[in-house]
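The hints should help you fit chains B, C, D, E and F onto chain A, whose structure is shown.
Letter by letter, the chains look like this.
There are 6 protein chains.
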Amino acid sequence: MVYISRKEHFNAAHRLFNPNWSEERNKEVFGPCANHNWHGHNFELIVTVKGEPDPDTGFVIDLKVLGDVIKREIIEQLDHKNINLDVPFMQGKMASCEILVIEIWRLLDQALSPLTEARLHQIRLYETERNFVDYYGE
Amino acid sequence: MVYISRKEHFNAAHRLFNPNWSEERNKEVFGPCANHNWHGHNFELIVTVKGEPDPDTGFVIDLKVLGDVIKREIIEQLDHKNINLDVPFMQGKMASCEILVIEIWRLLDQALSPLTEARLHQIRLYETERNFVDYYGE
Amino acid sequence: MVYISRKEHFNAAHRLFNPNWSEERNKEVFGPCANHNWHGHNFELIVTVKGEPDPDTGFVIDLKVLGDVIKREIIEQLDHKNINLDVPFMQGKMASCEILVIEIWRLLDQALSPLTEARLHQIRLYETERNFVDYYGE
Amino acid sequence: MVYISRKEHFNAAHRLFNPNWSEERNKEVFGPCANHNWHGHNFELIVTVKGEPDPDTGFVIDLKVLGDVIKREIIEQLDHKNINLDVPFMQGKMASCEILVIEIWRLLDQALSPLTEARLHQIRLYETERNFVDYYGE
Amino acid sequence: MVYISRKEHFNAAHRLFNPNWSEERNKEVFGPCANHNWHGHNFELIVTVKGEPDPDTGFVIDLKVLGDVIKREIIEQLDHKNINLDVPFMQGKMASCEILVIEIWRLLDQALSPLTEARLHQIRLYETERNFVDYYGE
Amino acid sequence: MVYISRKEHFNAAHRLFNPNWSEERNKEVFGPCANHNWHGHNFELIVTVKGEPDPDTGFVIDLKVLGDVIKREIIEQLDHKNINLDVPFMQGKMASCEILVIEIWRLLDQALSPLTEARLHQIRLYETERNFVDYYGE
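Protein chains in written order, with full-length UniProt numbering: chain A, 1 to 138; chain B, 1 to 138; chain C, 1 to 138; chain D, 1 to 138; chain E, 1 to 138; chain F, 1 to 138.
Just chain A, same shape as in the assembly (with noise of 0.2 Å):
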């Protein structure tokens, strides 16, 4: 069992804001994460595969097509966007990492299920370079 790994980045809005609270409630827990105006951040999305190695190619799985999936079904939906306001699968949630990165596996998981044998092993999410998540699934 080989893990892969592929490094996408994007560039988005986004803001911290429970709607069920007060703006006071909000000030209060998220700080200037609740920014009324927004701010927003450089992410950077690793995305890691496992499987075995294909005899014919020494590929867990071609890289471009790993690479074409993250675009595809992430990076289009998410680059130079607000994620509170401009993504679909975020809509009625919170937009923290925490939240995103487990619909990012979702996204993943359901678009590389029909394409390879390798499956989805870890997906990390920087907001910055000193805070990042990591999901596995369960």
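Hints are not guaranteed to be accurate.
[Claimed, not checked] Taking lysine-lysine and the DSS-like style, the derived pairs with C-alpha atoms no more than 25 Å apart in a straight line are: (1) C:K71 <-> A:K27; (2) D:K7 <-> F:K71; (3) A:K64 <-> E:K71; (4) D:K93 <-> C:K50; (5) F:K93 <-> E:K50; (6) A:K64 <-> D:K71; (7) B:K7 <-> C:K50; (8) A:K71 <-> A:K7; (9) A:K64 <-> D:K50; (10) E:K93 <-> F:K71; (11) E:K71 <-> B:K7; (12) F:K71 <-> E:K7; (13) C:K71 <-> C:K93; (14) F:K71 <-> D:K71; (15) E:K7 <-> A:K7; (16) E:K64 <-> A:K64; (17) E:K64 <-> E:K7; (18) B:K7 <-> C:K7; (19) F:K64 <-> D:K71; (20) A:K71 <-> B:K27; (21) C:K64 <-> B:K64; (22) F:K7 <-> D:K71.
[What the hints assert, rightly or not] For each label pair, taking beta carbons as the anchor points, the in silico distance ranges come out as: (23) B:V65 <-> F:L107: 27 to 33 Å; (24) D:D68 <-> F:N20: 44 to 50 Å; (25) B:V65 <-> F:Q110: 51 to 57 Å; (26) D:E138 <-> A:G137: 18 to 24 Å; (27) F:G31 <-> C:K64: 30 to 36 Å; (28) F:G31 <-> D:P88: 23 to 29 Å; (29) B:V65 <-> A:D68: 23 to 29 Å; (30) F:E28 <-> B:S113: 21 to 27 Å; (31) D:L107 <-> C:L107: 36 to 42 Å; (32) C:M1 <-> D:K27: 27 to 33 Å.
Keep in mind that the hints were calculated from the coordinates and are not lab data. What you are looking at is a predicted structure, and each value in this text was computed from that prediction instead of being measured. C-beta: ideal position from N, C-alpha, C; glycine also.
Here is chains B, C, D, E and F on its own, set in the frame of chain A:
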């Protein structure tokens, strides 16, 4: 003459948009950077000052003083903010890195002049790891 | 279960030295790391906790709380210090990264337990960009 | 149990090419990676071993010993070489990162076993900053 | 005058070799860089242009235009190629970074001049993270 | 004229301390950097020389020669050392980066002059990823 540099960072949202142009013209020129609902970045700011080391301290400038000035004058005004909407010194200006770096120079030069004999030499601003601008005050 | 990580850094001096051994034996085993007058590093510390995102906040843990705990419990005790001489929790212990990372786990686990249902998952400590250690509490 | 890692690098040329296939099939599957005249990379290799710290040294393994083994067994055979043509342990194998990382594991495991009670845990190989593979020996 | 920079990358094989010299002389001068079967690198290319920001766009140059020119003129000719064998503009020249950076300047200066009033200022080429060259056109 | 740069690193302990001042004055000016028991850093040193590429080699300077000079003159004297106590060329001087970079220039200029027509252009010294100094010899 020794040059000493300090790196600080801020996260912000922005949008490239010329209010004198139609929506179509903005889309055509700025592409996804004109996204109506904003996008954002982790900006890295490197400030360089030059001067002769003080014989008593070995310092061109006390980096704590430099860091405090950068934080007070620049980071507190930009971090977790919308550059177009929330930042007084960017009102009525294009929110491009080129314009931002000129304004950062102006504010830092003003704030540092009374504090030190060291002179501001360069401002470098990274919008992403792959795009950055430099300004030398002229 | 989502894993969330926060990176902090500190600068410190240390020396690898076993007081039960002769100077020669120390030199032989630890080489330049035994230098009598110390040497030092920019350490990078990555702390990972795991848990389920809170439905109201989208957070596994408030990163501000996590950052504050790391700073108070670990960074303030190690930054700009001599690990062998100045750090109470390292007294009588070898100042290697392997020992340091176990002690950091112990202190953070103790400090985080009363504050959060999220559990400490991993401590990673970079001594240099090329040397690092991980500890998972067992 | 503490995990300790050492990063080393090498520069090498390679080509993805299945000799049982036509030139056209190779181009179709491997794209520019099949370029007849080779291409190359700065590879980064991270080797992780795990074990209990020795009470006399605080070491899981002497990093100088680990570094020397990696350099002698792996780096000297790969650095400034052509992976397809010059590297004995890759003869008759696909020069993909997936295959390379398995062979590196085999050689390091063999070389480290007689020297230390620490066990090899993970091999990570970066082909570029954006593409990397991991192998855990099974 | 603002300076704006764009980073692009390419992977290539090369060999340092003077065809007027004996194999022995080449080995003596270039060491492992003369390896007959090539070696390779992940090159990072940073292109800096300078000019005055356009009042309508805030741009010194549209970075999309700059990126497209770099990709068309330079990256497509070098990426996944053998610098000695596959690259027309390097025929009959030493495949060192010093020579490469001069040729890159020549091609980019020629391609950018008709497109923009901004002038090429600097080309930086990283062969590895530790070795890089700069050229300013004179 | 091409500029070529080589990065090397060293780990060292130091302390900012003016022996003509009281302990209180030192604490006041240098803060935690005055810690009596030292602290330390992973320093990164980038040395840039400039010259015309030799037509036979394509080299401004043989990077192996440059690397060897930097290691012999600078790294061996600073690595795993105490800058205040162990380094002959820093005796009686403030152990700040500003002073260190001037001394490094002096030693390298002296060592390189008889070996090459290339001239030393810049010394950059990173104390941390966020603090660095440059010196151009004047």
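So, going through the hints one by one against the coordinates:
no. : hint                          : in the structure
1   : C:K71 <-> A:K27               : 23 Å, holds
2   : D:K7 <-> F:K71                : 20 Å, holds
3   : A:K64 <-> E:K71               : 19 Å, holds
4   : D:K93 <-> C:K50               : 40 Å, violated
5   : F:K93 <-> E:K50               : 40 Å, violated
6   : A:K64 <-> D:K71               : 32 Å, violated
7   : B:K7 <-> C:K50                : 31 Å, violated
8   : A:K71 <-> A:K7                : 11 Å, holds
9   : A:K64 <-> D:K50               : 34 Å, violated
10  : E:K93 <-> F:K71               : 31 Å, violated
11  : E:K71 <-> B:K7                : 30 Å, violated
12  : F:K71 <-> E:K7                : 30 Å, violated
13  : C:K71 <-> C:K93               : 22 Å, holds
14  : F:K71 <-> D:K71               : 19 Å, holds
15  : E:K7 <-> A:K7                 : 17 Å, holds
16  : E:K64 <-> A:K64               : 23 Å, holds
17  : E:K64 <-> E:K7                : 12 Å, holds
18  : B:K7 <-> C:K7                 : 17 Å, holds
19  : F:K64 <-> D:K71               : 19 Å, holds
20  : A:K71 <-> B:K27               : 21 Å, holds
21  : C:K64 <-> B:K64               : 23 Å, holds
22  : F:K7 <-> D:K71                : 20 Å, holds
23  : B:V65 <-> F:L107: 27 to 33 Å  : 30 Å, holds
24  : D:D68 <-> F:N20: 44 to 50 Å   : 46 Å, holds
25  : B:V65 <-> F:Q110: 51 to 57 Å  : 34 Å, violated
26  : D:E138 <-> A:G137: 18 to 24 Å : 20 Å, holds
27  : F:G31 <-> C:K64: 30 to 36 Å   : 25 Å, violated
28  : F:G31 <-> D:P88: 23 to 29 Å   : 56 Å, violated
29  : B:V65 <-> A:D68: 23 to 29 Å   : 50 Å, violated
30  : F:E28 <-> B:S113: 21 to 27 Å  : 24 Å, holds
31  : D:L107 <-> C:L107: 36 to 42 Å : 39 Å, holds
32  : C:M1 <-> D:K27: 27 to 33 Å    : 44 Å, violated
Hint violations for this structure: numbers 4, 5, 6, 7, 9, 10, 11, 12, 25, 27, 28, 29, 32, all remaining hints satisfied.
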